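A.B. asks: Now for the letters of each chain:
There are 2 protein chains.
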Amino acid sequence: MTLPAQHPLVDGRTSASALVTAYSGTRPDRQPVWFMRQAGRSLPEYRASRAGVAMLDSCLDPELASEITLQPVRRHDVDAAIFFSDIVVPLRLVGVDVDIKPGVGPVFGTPVRTLDDVQRLRDLGPLDDERLAPVAAGVARTVAALGSTPLIGFAGAPFTLAAYLVEGGPSRDHLAARRLMHADPAAWDALMAWTAEVSGAFLRAQVRAGASAAQLFDSWAGALSKADYVRGCAPASSQVLAGVRALGVPVVHFGVGTGELLVAMRDAGADVVGVDYRVPLDEASARLGGATPLQGNVDPALLGAPWPVLEAHVRDILERGRSAPSHVLNLGHGVPPETDPDVLTRLVALAHEL
Amino acid sequence: MTLPAQHPLVDGRTSASALVTAYSGTRPDRQPVWFMRQAGRSLPEYRASRAGVAMLDSCLDPELASEITLQPVRRHDVDAAIFFSDIVVPLRLVGVDVDIKPGVGPVFGTPVRTLDDVQRLRDLGPLDDERLAPVAAGVARTVAALGSTPLIGFAGAPFTLAAYLVEGGPSRDHLAARRLMHADPAAWDALMAWTAEVSGAFLRAQVRAGASAAQLFDSWAGALSKADYVRGCAPASSQVLAGVRALGVPVVHFGVGTGELLVAMRDAGADVVGVDYRVPLDEASARLGGATPLQGNVDPALLGAPWPVLEAHVRDILERGRSAPSHVLNLGHGVPPETDPDVLTRLVALAHEL
Numbered sequence: 001m002t003l004p005a006q007h008p009l010v011d012g013r014t015s016a017s018a019l020v021t022a023y024s025g026t027r028p029d030r031q032p033v034w035f036m037r038q039a040g041r042s043l044p045e046y047r048a049s050r051a052g053v054a055m056l057d058s059c060l061d062p063e064l065a066s067e068i069t070l071q072p073v074r075r076h077d078v079d080a081a082i083f084f085s086d087i088v089v090p091l092r093l094v095g096v097d098v099d100i101k102p103g104v105g106p107v108f109g110t111p112v113r114t115l116d117d118v119q120r121l122r123d124l125g126p127l128d129d130e131r132l133a134p135v136a137a138g139v140a141r142t143v144a145a146l147g148s149t150p151l152i153g154f155a156g157a158p159f160t161l162a163a164y165l166v167e168g169g170p171s172r173d174h175l176a177a178r179r180l181m182h183a184d185p186a187a188w189d190a191l192m193a194w195t196a197e198v199s200g201a202f203l204r205a206q207v208r209a210g211a212s213a214a215q216l217f218d219s220w221a222g223a224l225s226k227a228d229y230v231r232g233c234a235p236a237s238s239q240v241l242a243g244v245r246a247l248g249v250p251v252v253h254f255g256v257g258t259g260e261l262l263v264a265m266r267d268a269g270a271d272v273v274g275v276d277y278r279v280p281l282d283e284a285s286a287r288l289g290g291a292t293p294l295q296g297n298v299d300p301a302l303l304g305a306p307w308p309v310l311e312a313h314v315r316d317i318l319e320r321g322r323s324a325p326s327h328v329l330n331l332g333h334g335v336p337p338e339t340d341p342d343v344l345t346r347l348v349a350l351a352h353e354l
Numbered sequence: 001m002t003l004p005a006q007h008p009l010v011d012g013r014t015s016a017s018a019l020v021t022a023y024s025g026t027r028p029d030r031q032p033v034w035f036m037r038q039a040g041r042s043l044p045e046y047r048a049s050r051a052g053v054a055m056l057d058s059c060l061d062p063e064l065a066s067e068i069t070l071q072p073v074r075r076h077d078v079d080a081a082i083f084f085s086d087i088v089v090p091l092r093l094v095g096v097d098v099d100i101k102p103g104v105g106p107v108f109g110t111p112v113r114t115l116d117d118v119q120r121l122r123d124l125g126p127l128d129d130e131r132l133a134p135v136a137a138g139v140a141r142t143v144a145a146l147g148s149t150p151l152i153g154f155a156g157a158p159f160t161l162a163a164y165l166v167e168g169g170p171s172r173d174h175l176a177a178r179r180l181m182h183a184d185p186a187a188w189d190a191l192m193a194w195t196a197e198v199s200g201a202f203l204r205a206q207v208r209a210g211a212s213a214a215q216l217f218d219s220w221a222g223a224l225s226k227a228d229y230v231r232g233c234a235p236a237s238s239q240v241l242a243g244v245r246a247l248g249v250p251v252v253h254f255g256v257g258t259g260e261l262l263v264a265m266r267d268a269g270a271d272v273v274g275v276d277y278r279v280p281l282d283e284a285s286a287r288l289g290g291a292t293p294l295q296g297n298v299d300p301a302l303l304g305a306p307w308p309v310l311e312a313h314v315r316d317i318l319e320r321g322r323s324a325p326s327h328v329l330n331l332g333h334g335v336p337p338e339t340d341p342d343v344l345t346r347l348v349a350l351a352h353e354l
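Going line by line, the protein sequences match chains A and B. Under UniProt numbering, the first residue of the first sequence carries the number 1, and numbering increases by one thereafter. Under UniProt numbering, the first residue of the second sequence carries the number 1, and numbering increases by one thereafter.
Hints are computed from structural coordinates only; laboratory data are not their basis. Bear in mind the structure is a predicted one, so any value in this text is a computation, not a measurement. There may be inaccurate statements among the hints.
To be verified - Calculated from the model, a selection of chain B residues having no Cβ within reach of chain A, i.e. all distances over 12 Å: (1) 109; (2) 115; (3) 122; (4) 267; (5) 346.
Claimed, not checked - From the structure, some residues in chain B lie toward chain A, with a derived Cβ separation under 8 Å: (6) 24; (7) 27; (8) 28; (9) 119; (10) 222; (11) 225; (12) 257; (13) 309.
We treat Cβ as the ideally placed atom computed from N, Cα and C, and that holds for glycine.
The shape of chain A in the complex, shown without the other chains:
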């Protein structure tokens, strides 16, 4: 693995970029924009690169992960790359029996339900630099190609990792995970401590290898009451966020259906709060006291609407985003696979010309 000689924010490579400026709370000259899941199935070049390669194998092939990460930057002129990976990659790297089943999602050999199960996870050993080598190599390669365009590092939050591990796969209500939180707090706390370590190590490795910012995805936090989130999940997320911020990069915290948790997610120690499509940005900013940079919140459903409808929606979002100190335009959830990529390119151009 080749580490950059200096950190990109220290050496100035990306520190003046629109993205890093906005993430740092200052409104840049150019409206920054990128898309969650911009590297993915909406792009024909992605489908070609992935042909015959299993999802997790593609994440762990530095050359392929880097190529996929760069594709949307080349095509759309977005203001950031986000490292192509998956929430369960750090679990696979420590040796958890997990695979991604197309059309289903992550599926685990054995669900984690007891303190002994958590101990078995811990027995797998730490997510050390050796295990993280393919990720660091992929990031370093990507950063070298990106030049002054920042790369965002990526990890699933401890609760989302825990929810997958307890359920043994995707779930609508995350009942088993939420039950464990209340039924066996010792096992739950041990599991969250472990997922926090793994999530944190994964994210820090990406930053140390050259990512200029990081985003912590708590995909399933919206399944939680605020009380459960604050008591059972936020402390572990705080640990991850603090570890990354200590490296000197800004961190975004995002969840789906988390309108009621925005303040708690900011207070967990995030610089920027991602807002899904449900809550208007001016309302989100008001909840956050008007002092927090925001990211979001184009409704992915509107990517398939006629252009004038989408354009009006995006203009409204940019207008509402002015109530925050700064705003990075993004979707309120990932790019749907059936999206016409030309619509995304046009959306970037619109944001940049406004």
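Chain A is fixed; fit chain B onto it per the hints.
C.D. replies: Relative to chain A, chain B alone:
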């Protein structure tokens, strides 16, 4: 079909019940409690009754639907029965090609995506009394057996029906439905007008056959922004709610993940607002101005926690529920299939003794 000689609220059969009293905004002497999906897979007698019978067939067999509806009343001493049915039953009754696939949910022969598709739904003809006969017969039979225990009628809200029809099955984000709302408002409005008619006819038939109250389930409303809900969905729900209230019974309006929509759902014309497990009842009541009867909101995940944890949770909910004019104890979502039914019985006894 045998209709009751008089409406249960007019003839006084259930008007003094704890449930109807609470739904009407007065705190009764006994704390009313029932459970969403109380008639279902958590009960061995249900699994025995359903053996070899497809879900929709069981809903449309008056004798079987009635037996299943009565099972949890006999076993748990709950304060209400809810008619055993499914959200897609009215669709099946008008001739839509839909089936319920075990482990998946409703699956449709053809998704509804255009104005022509909606016209084809309308060409199926209205959900008239003849088509509703098995439902009315099942309700009448149940009401006769229930005596002074009220029966709650049940229907999916227009948006939830529309979301199923557009997606052609279950979906996490309801992207296709939400896209149609913005991409083709004429088709969307026509679809919502049709689902409102069908949902309303289904619910009114249950009330006319003797149900003492009704609950409109908008299972997927939580996928919507407030603006989309208010503009694109609430008018259709209002039409359903008004049609049922005109028959003189109280109506509950419930959705999952709808903490941000509570006021809009009440203002659509509901007497009672159901609250899922995410928002504490005192906060829900404050959002509603303290003047709306509430239903909810035990976290189904806690049904599998040790009894002292569940008991503390239920006591806390009952305490917070005192901030509303009245409160019907319920879950914040349906009974999970793996629930120990004895826990539900114990929970009813706890509510009644407090």
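A.B. asks: Going by Cβ atoms, does residue 346 of chain B stay more than 12 Å from chain A at every point?
C.D. replies: holds (16 Å)
A.B. asks: Would you settle whether the hint for residue 28 of chain B is holds or violated, based on the nearest Cβ-Cβ distance to chain A being less than 8 Å?
C.D. replies: Not OK, violated: residue 28 of chain B not within 8 Å of chain A, min 27 Å.
A.B. asks: With a cut-off of 8 Å, does the beta carbon of residue 24 of chain B approach a beta carbon of chain A closely enough for the hint to hold?
C.D. replies: Since the shortest Cβ distance to chain A is 29 Å, the answer is violated.
A.B. asks: A closest beta-carbon separation below 8 Å is what the hint needs, so does residue 309 of chain B meet it against chain A?
C.D. replies: holds (5 Å)
A.B. asks: Far enough from chain A: is every CB of that chain over 12 Å from the CB of residue 122 of chain B?
C.D. replies: holds (24 Å)
A.B. asks: Does the no-contact call for residue 267 of chain B survive, Cβ to all of chain A over 12 Å?
C.D. replies: holds (18 Å)
A.B. asks: Using the nearest Cβ pair, does residue 225 of chain B come within less than 8 Å of chain A?
C.D. replies: Holds: closest Cβ of chain A sits about 5 Å from residue 225 of chain B, inside 8 Å.
A.B. asks: Report holds if the minimum CB distance from residue 109 of chain B to chain A is greater than 12 Å, and violated otherwise.
C.D. replies: Per Cβ check, residue 109 of chain B is outside 12 Å of chain A; nearest 20 Å; holds.
A.B. asks: Examine each Cβ of chain A, and state whether all of them lie more than 12 Å from the Cβ of residue 115 of chain B.
C.D. replies: holds (15 Å)
A.B. asks: Interface hint check: residue 119 of chain B, Cβ to nearest Cβ on chain A, cutoff 8 Å. Holds or violated?
C.D. replies: violated (22 Å)
A.B. asks: Hint residue 257 of chain B vs chain A: min CB-CB distance below 8 Å?
C.D. replies: holds (6 Å)
A.B. asks: How about residue 27 of chain B: closest beta carbon in chain A under 8 Å, or not?
C.D. replies: violated (25 Å)
Violated hints for the displayed structure, listed by number in ascending order: 6, 7, 8 and 9.
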